[in-house]
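Based on the hints, put chain X in the right spot on chain F.
These protein sequence lines map, in sequence, to chains F and X.
For my numbering, count along the first sequence from 1 and bump the result up by 11.
For my numbering, count along the second sequence from 1 and bump the result up by 11.
Just so you know, the hints here were simulated from the structure itself, not pulled from any lab data.
It is possible that part of the hints are untrue.
When chains are identical, the list treats them as one kind, so a pair holds in a single copy or across two.
Stated by the list, open to error - Simulated crosslink set (DSS-like; lysine-lysine; CA at most 30 Å straight-line): (1) Lys125 x Lys163; (2) Lys163 x Lys127; (3) Lys163 x Lys32; (4) Lys68 x Lys127; (5) Lys163 x Lys68; (6) Lys107 x Lys163; (7) Lys127 x Lys168; (8) Lys125 x Lys168.
Keep in mind it's a predicted model, so treat the numbers as computed, not measured.
Number of protein chains: 2
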Amino acid sequence: MNSNALRNLSYGVYIVTTWDKGRPTGCTANSAMQITSTPATLALSINVDNYTNSCIKDCGHFALNVLSETSEPSLIGGFGFMSGRDTDKFDGVEYKTISGLPVISDNCAYFVCKVKDTLEAGTHTVFLAEIIDADMSAGRPMTYSYYHEVVKGKTAKNAPTYLPDA
Amino acid sequence: MNSNALRNLSYGVYIVTTWDKGRPTGCTANSAMQITSTPATLALSINVDNYTNSCIKDCGHFALNVLSETSEPSLIGGFGFMSGRDTDKFDGVEYKTISGLPVISDNCAYFVCKVKDTLEAGTHTVFLAEIIDADMSAGRPMTYSYYHEVVKGKTAKNAPTYLPDA
Numbered sequence: 012m013n014s015n016a017l018r019n020l021s022y023g024v025y026i027v028t029t030w031d032k033g034r035p036t037g038c039t040a041n042s043a044m045q046i047t048s049t050p051a052t053l054a055l056s057i058n059v060d061n062y063t064n065s066c067i068k069d070c071g072h073f074a075l076n077v078l079s080e081t082s083e084p085s086l087i088g089g090f091g092f093m094s095g096r097d098t099d100k101f102d103g104v105e106y107k108t109i110s111g112l113p114v115i116s117d118n119c120a121y122f123v124c125k126v127k128d129t130l131e132a133g134t135h136t137v138f139l140a141e142i143i144d145a146d147m148s149a150g151r152p153m154t155y156s157y158y159h160e161v162v163k164g165k166t167a168k169n170a171p172t173y174l175p176d177a
Numbered sequence: 012m013n014s015n016a017l018r019n020l021s022y023g024v025y026i027v028t029t030w031d032k033g034r035p036t037g038c039t040a041n042s043a044m045q046i047t048s049t050p051a052t053l054a055l056s057i058n059v060d061n062y063t064n065s066c067i068k069d070c071g072h073f074a075l076n077v078l079s080e081t082s083e084p085s086l087i088g089g090f091g092f093m094s095g096r097d098t099d100k101f102d103g104v105e106y107k108t109i110s111g112l113p114v115i116s117d118n119c120a121y122f123v124c125k126v127k128d129t130l131e132a133g134t135h136t137v138f139l140a141e142i143i144d145a146d147m148s149a150g151r152p153m154t155y156s157y158y159h160e161v162v163k164g165k166t167a168k169n170a171p172t173y174l175p176d177a
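Next comes chain F alone, as it looks inside the complex (with noise of 0.2 Å):
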């Protein structure tokens, strides 16, 4: 078997925000994607380990923030390579709140998602939520090859996309 071909499935880029008790919290994430249409649900794979996992159990709901190519890069290696347990990851971060949950202002699209049902895959959860509220605004959504191959950004190792020589 071929690892290396993992790289050839596409992705956006995005950050999943929560909140932990009233604080916002979040994280960097690709593996998303819109599972049925009526109702408009989505899936969401978070690593057990990540501290986002047990904020958004917590919370039952999140809030999928699609970044464009014109995104503030830093957002990507500050919701991605550093743990919310110990960081305040909204620190000089602009927001507002919608339909409940912080939206992060830097985007080209958010879904405000309530968490219907969670399966339990081994190093991550899979969450399945229905979009509970969706806007967009002018940009073009980034890719995961973009920000690898533009962007020249890494992969946490928490991802369900990490290799170990990425």
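Using the frame of chain F, we list chain X on its own:
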């Protein structure tokens, strides 16, 4: 809620293949993603009305074929806008059997997968599957936005990402 925001999620373009009692069949898909790295596991969403859905359930395995930007566009329509119930979708399509599954030749990567779990999510089944074989070749993976913007492709009504005005 602005449903058009859903267009800002990023995907690849895939042909999912499996066996229909010894005959190869399959369908076009875009909602596929890696959910864990160890073991390497994929999630794939397929409409319950797609004939391929019941064939995957019977077979217990599928192959995810990643189309490249230079893959023949007629593959997408041929596998996407007809039913394998009535049609031999592999008529004229070059493929070979790899690790027990029919894998089309015109791809830039493939994953042979064994279904480990299924989740019925209303209109769609989410298959969770372990990758048992994978390989890649030259070629840039086709993204869903490339398909819409460059190939000028349409979305099938059974796709999770279908929007009525798409």
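Hint check results:
1. In this assembly of identical chains, Lys125 and Lys163 lie within 30 Å of each other by CA distance neither inside one copy nor across copies; the values are 33 Å within and 34 Å between.
2. In this homomeric assembly, Lys163 and Lys127 never come within 30 Å of each other (Cα to Cα): the closest approach is 35 Å inside a single copy and 35 Å across copies.
3. In the homo-oligomer, the alpha carbons of Lys163 and Lys32 never lie at most 30 Å apart, since the shortest distance is 34 Å inside one protomer and 46 Å across protomers.
4. Proximity of Lys68 to Lys127 under the C-alpha cut-off of 30 Å is found in both arrangements, the shortest distances being 11 Å within a copy and 24 Å between copies.
5. Within a single copy, Lys163 and Lys68 get their C-alpha atoms no closer than 32 Å, and across copies no closer than 40 Å, so neither meets the 30 Å cut-off.
6. For the homomeric pair Lys107 and Lys163, the shortest alpha-carbon distance inside one copy (29 Å) is at most 30 Å, but the shortest distance between copies (36 Å) is not.
7. With identical chains, the CA atoms of Lys127 and Lys168 are at most 30 Å apart both within one copy (27 Å) and between copies (24 Å).
8. In this homomeric assembly, Lys125 and Lys168 come within 30 Å of each other (Cα to Cα) both inside a single copy, at 27 Å, and across copies, at 25 Å.
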